[in-house]
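Could you put the whole structure together from the sequences, leaning on the hints where they help?
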Amino acid sequence: MEGRKSFHQHLEDLYLDVLRMANITVDIIERTRRAFAKLDRELAQGIIDGDDEVDDYVKKIEGNGIELLARQAPVAIDLRTIIVIMRLATHLERVADLCVNISKAVLNLEGYTLSPWISENMDEMFLGAVRMLVCAVDSFKERDESKAEGLSKMDDTVDRINRSFLKGTNRDSEEEVDLVIRVVMISRFIERIADHAVDIGEDVRYMITGQFVD
Amino acid sequence: MAEEALENKMVIKNLSMFYGGFKAIEDVTFDVPARRITALIGPSGCGKSTLVRCLNRMNDLIDGVRVEGEVNLDGENIYQPGFDTIGLRRRVGMVFQRPNPFPKSIYENVAYGPRLVGIKEKGKLDFIVEDSLKKAALWNEVKNILRDSGQNLSGGQQQRLCIARVIAVQPEVILFDEPCSAIDPVATQLIEDLMADLKENYTMVIVTHNMQQAARVSDFTAFMLVQEQGEPGRLIEYGDTNTIFTNPTDERTERYITGRFG
Amino acid sequence: MKAKRADRIATVVFWALGGITVAILAFIILEVLGRGLITALNPRFLFGKPNAMASGGGIFPMIVSTFYLVALTIMISLPIAIGAAIYMAEYARKSKVNSFIRFCLDSLATLPSIVFGLFGLALFVTAFRWSYCLMAGACTLAILNLPILLRSTEEAIKLVPDTYREASMCLGASRWTTIRQVVIPSALPGIITATILPIGRIVGESAAIIYTVGVFIRNVPTNPFDTAAPLAGYIWARQAEHGVPDWRAIVNGGAALLLIMVFIIYFLARYAGRKYQEKKLLGAGTR
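Residue numbers (our numbering), protein chains in the order written: chain A, 1 to 214; chain B, 215 to 476; chain C, 477 to 763.
Treat the hints as calculated values from the structure; they're not laboratory data. Note that the Cβ used here is the ideal one computed from N, Cα and C, for glycine as well. Don't take each hint at face value.
Said to hold, decoys possible - If you only want the chain A side, here are some residues facing chain B, beta carbon under 8 Å, derived: (1) Ser6; (2) Glu67; (3) Gln72; (4) Ala73; (5) Pro74; (6) Ile77; (7) Arg80.
What the hints assert, rightly or not - Derived coverage of chain C by chain B (criterion: at least 3 residues anywhere in the stretch with Cβ under 8 Å from a Cβ of chain B; other residues may be distant): (8) 515-527; (9) 643-652.
Now the structure itself:
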């Protein structure tokens, strides 16, 4: 016997919405990576302008999530799933915001040329962050605890590159101060995107086990 | 939640009802949208059952009942003089608090309504009975025991039999007067799922003392309250269910649904 | 402690009262059967014709008269009772008409049966020129039993839950359809049970029939307007007149037979009521 048909239908809709939102967010990071690599103003502006789509998704997911909590009194795995979906949406929204910040920084980098060292390391950092977010979303989609656990290890790479930017750019006195500040900022933004991926992993582990991860 | 233009099946305007000299409900105004579920909630004695019985004039059967105001069904006031109450009750069916199948077989319970309108042909009756029981999600459980007494079924099955009996008359509106208060949680779940399915074709009004049930099943919610003992029941707030349960406008609604009184 | 003791005394007293009731009943039954059972079960007595003067007469025409009278009376009174009960239970609840009817019926119920007998004699036997006959007795007994039959029929109808009526009305049935299709069928087992008591009274009634039906016949009555002699009246007559030498045996045998008949009718009615409930109401199915 299958009970609460309409509730589980609504929960499924919510789940699909957050996955759609995750796909869009991953795509935004990817586009941000390209915008930085080529210092592409147009692409960067597009990312800044397109942020509304993500915001609309957050509003929708939060609204529907609250409605389900208020009306269906979900319990156990259903309750944890709804809560994690709503937190996931918040994390994704932040990630999109960080991409907007990066894009704004890209706009201010007009006229500069990036050294190969910066380009390569930053590209690796972007890719690391994308991989982490994809991994975090997969762990949610597949309810895979080991994937969620692996995220903190992946974060180490991103952190390491972030630190090397802080040190490396100091030594490289040829670079102009403006450029250095912007690159460090962008590196820091990417590092925070990676942190959001780690947080999502923790939420997913809570969803699966019901235990809080410290 | 998809927004489409809502058409109102019933429009209740300034409705008051009296038992002799006692005013039971006062100045109630709200709409019942077509093919949606409208819930009436409120503490016991707030007049919600009385109100729902005004919608198919079941209160007429009680001596000394008087009604003021209008109840429009498809734009026609059902309280206008000379209105055909028998026809009305065929269009606006009702499911009661306690399952009340007749002491007849399952088949005869469902065939009762169709027989009233003169359907005698066996093939036709067989079809209606099967179809109604299927729509009420009961067919699979009873298809081999149609000759058994309807009263031998479990409480939840009896209630679904009563729903099938109403469906057999092909009503436009189905009123539910606390339909789950006498049955267990699993059976309640089945009935709620059934209501969600029936929404495609029927307009429904449900009276329930269980706020969670109203939250789960309904699209619109009306909250009623008797403020001081001896006063009539009034409609405090009416709105879409999500708003009522996440951000009600009236403080009394908020206090009731958060369990602070009533 | 005091309460407990009082409780124990009360228990003993009520138990004793109950015991006495049962004992009296058992004594009567055993006494009647002990005196008359052998006579009653004798086929020559059971199926024989009664003699006017000689001993050795049977009581077959009286048995037939009794059943005939019962059937006629119920046929006359039950439709009236059901009709009136429907009016009182369904249409006139709590009305002034209702309480007036009830007052009249209660008064009627307190009258001694001999009054009914004399009334029947005056109206049916004399004024209608029916002479002594089953029909006159049945009409008289119908009036005699109407209050009790009406009351218990009304109770049976009132016992039908209101939820049935509501459900029926909500399906678009009129009031009358609801009564016909739901209320009466649901109340029927109760109505059948309600007829048991009046049947017992008809079988045992003598005062009202000796002036309306007759007390002696030799042949089995066939026409409702034939003179007849129900058992109770015949027993009374034999006891009063001593017309035949073996009157004592006839009286004892007749009394035993009367008792057995009442029992049989009682159990038949109970059985019929239960069968009806099981079969007719439920097994309608895919007819």
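Results of checking the hints against the structure:
Nearest Cβ of chain B to the Cβ of A/Ser6: about 4 Å, under the 8 Å cut. The hint holds. Because the closest C-beta pair between A/Glu67 and chain B is about 5 Å apart, less than 8 Å, the hint holds. A distance limit of 8 Å between C-beta atoms decides the matter here; for A/Gln72 the minimum to chain B is near 6 Å, and the interface restraint holds. With 8 Å as the threshold, the beta carbon of A/Ala73 comes within range of chain B, its nearest partner Cβ sitting at about 6 Å, so the hint holds.
Interface hint at A/Pro74: violated, since its Cβ lies 11 Å from the closest Cβ of chain B, which is beyond the 8 Å cut-off. For A/Ile77, the interface hint is violated, since its Cβ never comes within 8 Å of a Cβ in chain B; the closest pair sits about 17 Å apart. The restraint placing A/Arg80 at the interface with chain B is violated, with a minimum CB-CB distance near 20 Å, outside the 8 Å limit. Coverage of the segment 515-527 of chain C by chain B is violated [criterion: at least 3 residues with CB-CB distance below 8 Å; count 0].
Residue count for the segment 643-652 of chain C with a Cβ under 8 Å from a Cβ of chain B: 8. That meets the three needed, and the coverage hint holds.
In this structure, the earlier hints numbered 5, 6, 7 and 8 are contradicted, and the remaining ones agree with it.
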